[in-house]
Amino acid sequence: MFDYSPAPEAKLASFASSYGHFIGGKFTKPQKTFETINPATEEVLSQISHGSAKDVDLAVKAARNAYEKTWSKLSGAQRGKYLFRIARIMQERARELAVAETLNNGKPIKETRDFDVPTSVAWFFYYAGWADKLDYAGMGASPKAHGVAGQVIPWNFPLMMLAWKVAPALAAGNTVVLKPAETTPLTALLFAEICQQAELPDGVVNIVTGFGDTGAAVVGHKDVNKVAFTGSTEVGKIIARQVAGTNKKVTLELGGKAANIVFDDAPIDQAIEGVVNGIFFNQGHVCCAGSRLLVQESIHDEFIKKLKRRMETLRLGDPMDKNTDVGAINSKAQLQKIKGLVAKGVKEGGDLWQPACKIPRNGFWYAPAIIDGVSPANTVAREEIFGPVLSVITFRTPTEAITKANNTEYGLSAGIWTEKGSKMLKLADQLNAGVIWSNTFNQFDPTSPFGGFKESGYGREGGRAGLAAYLKGGN
Amino acid sequence: MRLDVKKTYKLFIGGKFPRSESGRSYQVSDSKGKHLANVSLASRKDVRDAVSAARSAQPGWAGASAYNRGQVLYRIAEMLEGRRDQFVAEIQALTGKTAKQANAELDAAIDSWVWHAGWTDKIDTVAGSMNPVAGPFFNISTNQPTGVVGAFAPQDSALVGFVNTIAPAIVSGNTIVVVTSEKLSLPALSFGEVLATSDVPGGVVNILSGKESELSGWLVGHMDVNAVDLEGASKPAELELMAADTVKRVLRKGSYERLGSSGSLQHILELMELKTVWHPKGH
Chain F
9 MFDYSPAPEA KLASFASSYG HFIGGKFTKP QKTFETINPA TEEVLSQISH
59 GSAKDVDLAV KAARNAYEKT WSKLSGAQRG KYLFRIARIM QERARELAVA
109 ETLNNGKPIK ETRDFDVPTS VAWFFYYAGW ADKLDYAGMG ASPKAHGVAG
159 QVIPWNFPLM MLAWKVAPAL AAGNTVVLKP AETTPLTALL FAEICQQAEL
209 PDGVVNIVTG FGDTGAAVVG HKDVNKVAFT GSTEVGKIIA RQVAGTNKKV
259 TLELGGKAAN IVFDDAPIDQ AIEGVVNGIF FNQGHVCCAG SRLLVQESIH
309 DEFIKKLKRR METLRLGDPM DKNTDVGAIN SKAQLQKIKG LVAKGVKEGG
359 DLWQPACKIP RNGFWYAPAI IDGVSPANTV AREEIFGPVL SVITFRTPTE
409 AITKANNTEY GLSAGIWTEK GSKMLKLADQ LNAGVIWSNT FNQFDPTSPF
459 GGFKESGYGR EGGRAGLAAY LKGGN
Chain U
5 MRLDVKKTYK LFIGGKFPRS ESGRSYQVSD SKGKHLANVS LASRKDVRDA
55 VSAARSAQPG WAGASAYNRG QVLYRIAEML EGRRDQFVAE IQALTGKTAK
105 QANAELDAAI DSWVWHAGWT DKIDTVAGSM NPVAGPFFNI STNQPTGVVG
155 AFAPQDSALV GFVNTIAPAI VSGNTIVVVT SEKLSLPALS FGEVLATSDV
205 PGGVVNILSG KESELSGWLV GHMDVNAVDL EGASKPAELE LMAADTVKRV
255 LRKGSYERLG SSGSLQHILE LMELKTVWHP KGH
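As they're listed, the protein sequences go chains F and U. So the first sequence is numbered by the working numbering: it starts at 9 and just counts up by one. So the second sequence is numbered by the working numbering: it starts at 5 and just counts up by one.
Hints are supplied without guarantee of correctness; some may be wrong.
Unchecked claim - Non-contacting residues of chain F with respect to chain U, defined by C-beta distances greater than 10 Å in every case (computed): (1) Phe23; (2) Arg96; (3) Ala351.
As the list claims (entries may be wrong) - When the alpha-carbon atoms are kept at most 25 Å apart in a straight line, the in silico DSS-like pairs for lysine-lysine are as follows: (4) F/Lys256 to U/Lys239; (5) F/Lys428 to U/Lys285; (6) F/Lys340 to F/Lys352; (7) U/Lys239 to F/Lys230; (8) F/Lys480 to U/Lys126; (9) U/Lys126 to F/Lys434.
To be clear, the hints were calculated from the coordinates, so they are not data collected in a lab. Small disclaimer: the values here were computed from a predicted structure and weren't measured. For glycine and all other residues, C-beta sits at the position ideal for the given N, C-alpha and C.
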């Protein structure tokens, strides 16, 4: 092994010292502020406003007003052109957005630059084209928007989750009130500026920052017609209860505990890369992460040996360094959660291994980990860790692999590694998961529907299904 | 003079006709209040037995070819047609409908099975997709059944509402536990006999009669139920709260107005899950 010289990205993003909410096309005066930090350094980046129920009410009123007076009266073609404009401006400011995301989230710049931002842009381009083609969405002729959409998004892909929510909502003709995650509000606030630059009519997009209570106020507001949430299953259940008995339409993208199944006839080197990508991409802060490795017993020893060798080459450190593979854990709370669950998994009989790596002095860090010899009842085989921790389970037959893979309350994604097409197709039919990656992992595209079975939520994002979720007559 | 041989109305669970495990029954009267039958009053244990039967039957039913499921559903229509007189008589007695009206209800029920039978092998043609992703991947989305559905048939319909609760669920490979209308339960219970002679595997449809308000909590709260249809439920908001505990899919009360009361593709799809499979393209 050899060392890499540092290759830091330039700090091409700057932030105001404090931010208010973005309501009715304007930023409000910052109030009740809290710090937002860089989790890699703990440096304070800006002061963010903690939205109250009153702020949410103003945002919903602005969204309702924009819906009634402007947005619902525009033709689909004109709405689409606004979305194309937004996509273009995001491309123009792509590097700035990537840097901002890395600073606020802690994820490596190579991921924000090559994945988060381009995927976000692609989402706007894709749904821009749908805006004047709603008759083809499968909801009959001239389908109508719901009205005001309340959207609450997580901290793992802050800008991309915004794009997944805002682009289809606007294309379908809704106006939105969006609540970004408390630890990662900055790219959403930059996006507000982009809406201004695109001259998007005031109130079509409103952004209220804050904590869980702010999100609850968005979901619970009586004039919100459609609720879209991405986050934990725990909060998803609270939201499902909150909307019970109302007419609100809901889509939920919740947690996962994906099985990444490796057969003895798999392309092993490719599978190693896929397993590493599946769990260590974005520090494992991915709802569809391949967090359970199901490896066929006959190749277990050889596979784990190769996997460990590959993990030793992962570079953990400064997220702004272009060579970094594993960045910072997003928050102190998340780091504590990961440590707690791993300790439990070891206590319950798991065998923990982590490569030696230098942990920076400041910030929140967790070295990539595998826990071998995990029994199906072990906490780390059942609970979502949402960190760079891979639980290893073995199986002997395809039937056993299916039983073990499906033995979870979740059903978001799964991976299959085999060179045998017929085996793959049968397994894909039998796996209870909304997205199945075969001989690949963690692929996303706006044309491709994404979402889960069972407690991983309901509704889909991406594709025609993702559009239908924002139209009346759809679910 | 010859005395009629009357039928004992029992539950339909796992392809068998048990009485309620609780030993309870309740009286069903005709439209004028005259006693017609003592019907099984299902209990919590019956709900659990029914869900267990539905779960066991689900992979096999979903795994049957769409062509095969279509044939089985068409067979239901055939069997229902053959027992027309029995159902017309039950509908008339319960509702006071004329023979013409009762026959029209039966027509609608039979035709609904024919309509659904034709859908099994067309759902993915219409509602699936090949997705043109920006990379070297084969990417396909297909619809798969959600799993076990717990349903409450409309209270005001003797047969056609019941049929249009079951058909959209099982057409795609779901299995169902359905609670009949409490007062109009006889045709729904007789329908078990149609299913039993239609090549429908035991456990695909499980029929419970009784008090919806007593059974609904047990059925909606059951951990092994994936989706609930609350059309015929009396406390839908309370049940939706329970459904949230395991993120069940919910067809709210009043959904049939949106979905069409005689079944629709959207109704079928709301009891299905879109599954997307990626595979690299290359050499």
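Verification of the hints:
1. No Cβ of chain U comes within 10 Å of the Cβ of F/Phe23; the nearest lies about 31 Å off, and the non-interface call holds.
2. Every beta carbon of chain U lies more than 10 Å from that of F/Arg96, the smallest distance being close to 17 Å; the non-interface claim holds.
3. The claim that F/Ala351 is not at the interface with chain U holds, since no C-beta of that chain comes within 10 Å of its own (minimum 28 Å).
4. The straight-line distance between the Cα atoms of F/Lys256 and U/Lys239 is roughly 18 Å, inside the 25 Å bound, and the hint therefore holds.
5. Taken as a hint, the F/Lys428 and U/Lys285 pair is honoured in the structure, with Cα atoms around 14 Å apart against an allowance of 25 Å.
6. The straight-line distance between the Cα atoms of F/Lys340 and F/Lys352 is roughly 18 Å, inside the 25 Å bound, and the hint therefore holds.
7. Proximity of U/Lys239 to F/Lys230 is assessed by CA-CA distance (about 21 Å); at most 25 Å being required, the pair is judged to hold.
8. At roughly 24 Å between alpha-carbon atoms, F/Lys480 and U/Lys126 fall within 25 Å of each other, so this suggested pair holds.
9. For the suggested pair U/Lys126 and F/Lys434, the alpha carbons sit about 20 Å apart, so the restraint of at most 25 Å is met.
In summary, this structure violates none of the numbered hints.
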